[in-house]
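Chemist: The residues making up each chain are set out below.
Protein chains: 2
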Amino acid sequence: MNESVDGSLSPGAPPLEVVPLGGLGEFGLNMMAISCGDTTIVIDAGAMFPEADLPGVDLIIPDLEYLEARRGQLKALVLTHGHEDHIGAVPYLLPLLDGPIYGPPLALAFVQRKLDEHGLDPSHGVSPISPRDRLTIGPFELEFLRVTHSMPDCVAVAVRTPHGTLVHTGDFKVDQTPLDGEPFDLHRLAQLGADGVLALFGDSTNVDRRGFTGSELEVEDAFEEIFTSTDGKVVVAAFASSVYRLQILCELATAYDRRVAFVGRGMNETLQIAQRLGYLRVAAGTLIKDSDVSRFPAQDVVCLATGSQGEPNAALSRIAIDDHRYVKLTKGDRVVISARAIPGNEKAIGRVLNHVAKRGVEVITESSRHVHVSGHGSEEELKLVLSLARPRYFVPIHGEFRQLARHARIAELVTSGAAGRTTVLTPENGDILRFDGDGGRLVGKAPAGRVLIDGTHMGEIDDEVLRDRRHLAADGLVVPVVTINRQTGQVEGLPDVIARGFVTAAVPDDVLAEAARHIVTIIAACNVEERTDPGLMKERIRVELRKFLRKRTGRRPMVLPVVMEI
Amino acid sequence: MNESVDGSLSPGAPPLEVVPLGGLGEFGLNMMAISCGDTTIVIDAGAMFPEADLPGVDLIIPDLEYLEARRGQLKALVLTHGHEDHIGAVPYLLPLLDGPIYGPPLALAFVQRKLDEHGLDPSHGVSPISPRDRLTIGPFELEFLRVTHSMPDCVAVAVRTPHGTLVHTGDFKVDQTPLDGEPFDLHRLAQLGADGVLALFGDSTNVDRRGFTGSELEVEDAFEEIFTSTDGKVVVAAFASSVYRLQILCELATAYDRRVAFVGRGMNETLQIAQRLGYLRVAAGTLIKDSDVSRFPAQDVVCLATGSQGEPNAALSRIAIDDHRYVKLTKGDRVVISARAIPGNEKAIGRVLNHVAKRGVEVITESSRHVHVSGHGSEEELKLVLSLARPRYFVPIHGEFRQLARHARIAELVTSGAAGRTTVLTPENGDILRFDGDGGRLVGKAPAGRVLIDGTHMGEIDDEVLRDRRHLAADGLVVPVVTINRQTGQVEGLPDVIARGFVTAAVPDDVLAEAARHIVTIIAACNVEERTDPGLMKERIRVELRKFLRKRTGRRPMVLPVVMEI
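So the sequences go chain by chain: A and B. Residue numbering for the first sequence follows my numbering, beginning at 6 and increasing consecutively. Residue numbering for the second sequence follows my numbering, beginning at 6 and increasing consecutively.
Next up, chain A with everything else stripped away, as it sits in the complex (with noise of 0.2 Å):
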């Protein structure tokens, strides 16, 4: 089909709006509303996870306003792959939603294991779709794509609208040997392109990296060698959703005779889900459970754990200060860290390996060896998407300032030479952009901003509550200064805990005292190795003060502990 010189397909029509409501001046909380007439779509609903200056908050979500406003003409929620930071806020998305949620089956899979957590029930279904399937909904008709990712089942989506053809890539990279044998459909994205692509949203993430990405299979060589090289146990941290990455070290180890235990929460979750599903296939024998680890000579095993960022709590984090129920280290064996460090997590990572050098176990990471790489398409990739594409429009999503800014410029070069010249748009979140037949452009704000979420994070979201920063300055701020000993290990004195906007007459005065006491008792739980961590210390005791301070007084303050070492 060709477009009119206008770039509407049908002048009459009402106009096509499309207004991304996170991802972009951000990484993370993915989302997009498109609307025409009255039927809106959603695509992706994704969270993020606070960073450390943001005390009391387990999780961020998009605002929803802007789709509380459209209550009863939500007719679809699409989602492009089950990573976090476009499924993570299905669970709010869930009640606004009058249409079915759509994705790969991947996708779809963990999305129910959250909403089973939650005790919510989809009352309009979840649809699994496959790469090529069409879907009409109201004005528009929907193609998913196949695209290649860190995870197995992503898609691309294209939206034919009576404006013209959108395509959102999701998250991608250009794979040129996926492990499942599922390419890119660089077929079909090109046919796109070739029948006239109105706007093309576009993954940002690696803009800034140089080249082609490079395919999951390449980390094999360094694991294959790390494998059959090291003596003992190797721990390998990963994120739980690289399924493609458990695929190849449970072939591996397999193949280099050892046990699998998949260690950590994530871990288990993902096998379960993939293994079920048939996109983790593991042979007969290979698994066994991370309490049986010890029975194992440390040679014959491999674990796969939680906690590659440096969670305090993942099963990394404890198994390296010796404090893992089942996993122990010891000398000869190695840990690899097969991910990268999402930016602020660096130094909660060293502190970490530092931890595992310290017990004899040789540290591996993506800087001495081969075992990372990223998911997301570097700038060689995003280049052919968008030469192949030649949209009308372009808009980089999923990126800081600086990424989609950068994005913007390489759109501009690659379509600079070619026939039609792209027009460029860089909203922020919340921009209306309209599509019509004066073609496409910023009309206006919508809300948009972020809702933090105030769960219990290591168990059961029982009780969790949704808050903006107001409510959450209104419950107050707690803040606990302790002090340790830095070659002990002891506390020294009684913790001052201090308190404003806290203490009412719903409260009790001696809360306060009661929590430094209560402090002394975590600390007192914790061996000597994680009390002279003070990044360990400071977010055990954020997250036992305030599961006290709620158990005690049914408020849930800001925790902004203070460790201080002598």
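A couple of the hints might just be wrong.
The list treats identical chains as interchangeable, and a pair is accepted whether it falls inside one copy or across any two copies.
To be verified - Below, a list of computed lysine-lysine pairs in the DSS-like style, where the Cα atoms sit at most 25 Å apart:
| no. | residue 1 | residue 2 |
| --- | --- | --- |
| 1 | Lys-119 | Lys-363 |
| 2 | Lys-363 | Lys-450 |
| 3 | Lys-80 | Lys-333 |
| 4 | Lys-388 | Lys-336 |
| 5 | Lys-333 | Lys-363 |
| 6 | Lys-119 | Lys-294 |
| 7 | Lys-556 | Lys-388 |
| 8 | Lys-552 | Lys-119 |
| 9 | Lys-363 | Lys-388 |
None of these hints come from the bench; they were simulated from the model.
The hints should help you fit chain B onto chain A, whose structure is shown.
Modeler: Only chain B this time, still in chain A's reference frame:
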């Protein structure tokens, strides 16, 4: 000279004691004491900048207690090169010294500037050394070897002792094409190795990087392309001490008809010192003042700016939020980060680059172009030095625990095939390494640790104080809680200022209320871009509030701002 089997040349001599006092288990604070009889020499006296989670501190230096106990026998301080992590503590060590400061001329010039700022005069003088110089200090004969690094005029130190020869590498990489034609003295190292090295102390910084680091020259291609293809100004942020980098940039600027402005205090200090001593040669007519930048067409200018780590008060941060007195960014300019991110600084750098991108200015970093080369040797370079020195004992230095552990492992691999296998010793800071007729071993513990310095950081160091962490706590804690509207940048309500251990009889009660009002004034003085950047606001409030409280009360509480956006 061939050593006897027990490694000792003079079995009757007093034992040799080596005590690392900083830089083992951490990056920075590099310092090591070497004693024999009543003579002690100190190699390097480095500082460290505090992490964001150590509020109220501007500089960290090693605990000097071990050296204080040796007053009267500290016959020399020997500096390997002029980086802060090797010379930053010199002003604090100086009063303890009973001998001169030896070092390469460039390092001594940087030290002299530091001493001038502190109003100090080295009573035993400073004494410049050159490679291959020899120097006798008590029972020690010192010899200096040229090594290559990211700045000119770096040396390793060989210390001939009654028990054998120690070699301390300083910081190094093996740059095979050094810009100044001064290659790493592999010949002399080989000769020392052939003659017999008792112990090698080797830089471990980059031990977890594969391969060879590469020459400083390697950045030329990328910058040539940038200088020729940029329509506007090129602003390059780099470490001010990276004299080679500055030299390359000045030469390219001359070649491509751009003027060079050094922007920021650190850059201008380096310019003055390095130019005066002939380490930096800039063609006549190339240099301009930063105040003249606006008088030249943008495409004729390169700015070399401080702030490559996202430091809130450095030139690049001010430029990024359009708050620099002279340097303004406009469309067509480009900003290049020609440095690596020190772990922990990634988010701050990212924030600065987002501000830059918002000005329509392209951002170039190490990941998108080859604009930075590390100054530290990678795995293969470390192996080369081990192979040449083939020491009887090897001690990894300069790194966190995991780097030291990895270096130890590599040393064992390298020397396992050699005639005499190397024994690896992995002391921590304060461990006493003794070498005598029985060989080398850890024999005990000397006092070691960190001292925190609370200066003004931003200007003159006229009233800084040394404090340990206990005193830090004793001066109290002030937590200002500020809520800023994300859209408007306005402060919502009056900030809360919580204090603990600070308001006493000596501190009038209304100081906190006054402080709250002062914060409002501080924030009002910032532009909207700065106000809506919690990272920048936190630092600004911290610095300004500390000044305010010190002036009003004479006390120096920790200030720990909480900035919430709504």
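Chemist: State for each hint whether it applies.
Modeler: Hints, verified against the model:
1. With identical chains, the CA atoms of Lys-119 and Lys-363 are never at most 25 Å apart, being 37 Å at best within one copy and 37 Å at best between copies.
2. Taking CA atoms no more than 25 Å apart as the test, Lys-363 paired with Lys-450 passes between copies only; the shortest distance there is 18 Å, against 53 Å inside one copy.
3. In the homo-oligomer, the alpha carbons of Lys-80 and Lys-333 never lie at most 25 Å apart, since the shortest distance is 51 Å inside one protomer and 48 Å across protomers.
4. For a Cα distance limit of 25 Å, the shortest separation of Lys-388 from Lys-336 across copies, 23 Å, qualifies, whereas the shortest one inside one copy, 47 Å, does not.
5. When the C-alpha separation of Lys-333 and Lys-363 is checked against a cutoff of 25 Å, the pair qualifies only within one copy, where the shortest distance is 13 Å, while the shortest distance between copies is 49 Å.
6. Taking the closest pair of Cα atoms, Lys-119 and Lys-294 come within 25 Å of each other only inside a single copy of the chain (23 Å); across copies the shortest separation is 60 Å, beyond that limit.
7. Proximity of Lys-556 and Lys-388 under a CA criterion of 25 Å is satisfied in neither setting, with 54 Å inside one chain copy and 57 Å between copies.
8. Within a single copy, Lys-552 and Lys-119 get their C-alpha atoms as close as 22 Å, which meets the 25 Å cut-off; across copies the closest is 49 Å, which misses it.
9. In this assembly of identical chains, the alpha carbons of Lys-363 and Lys-388 lie at most 25 Å apart only when taken from different copies (22 Å versus 45 Å within one copy).
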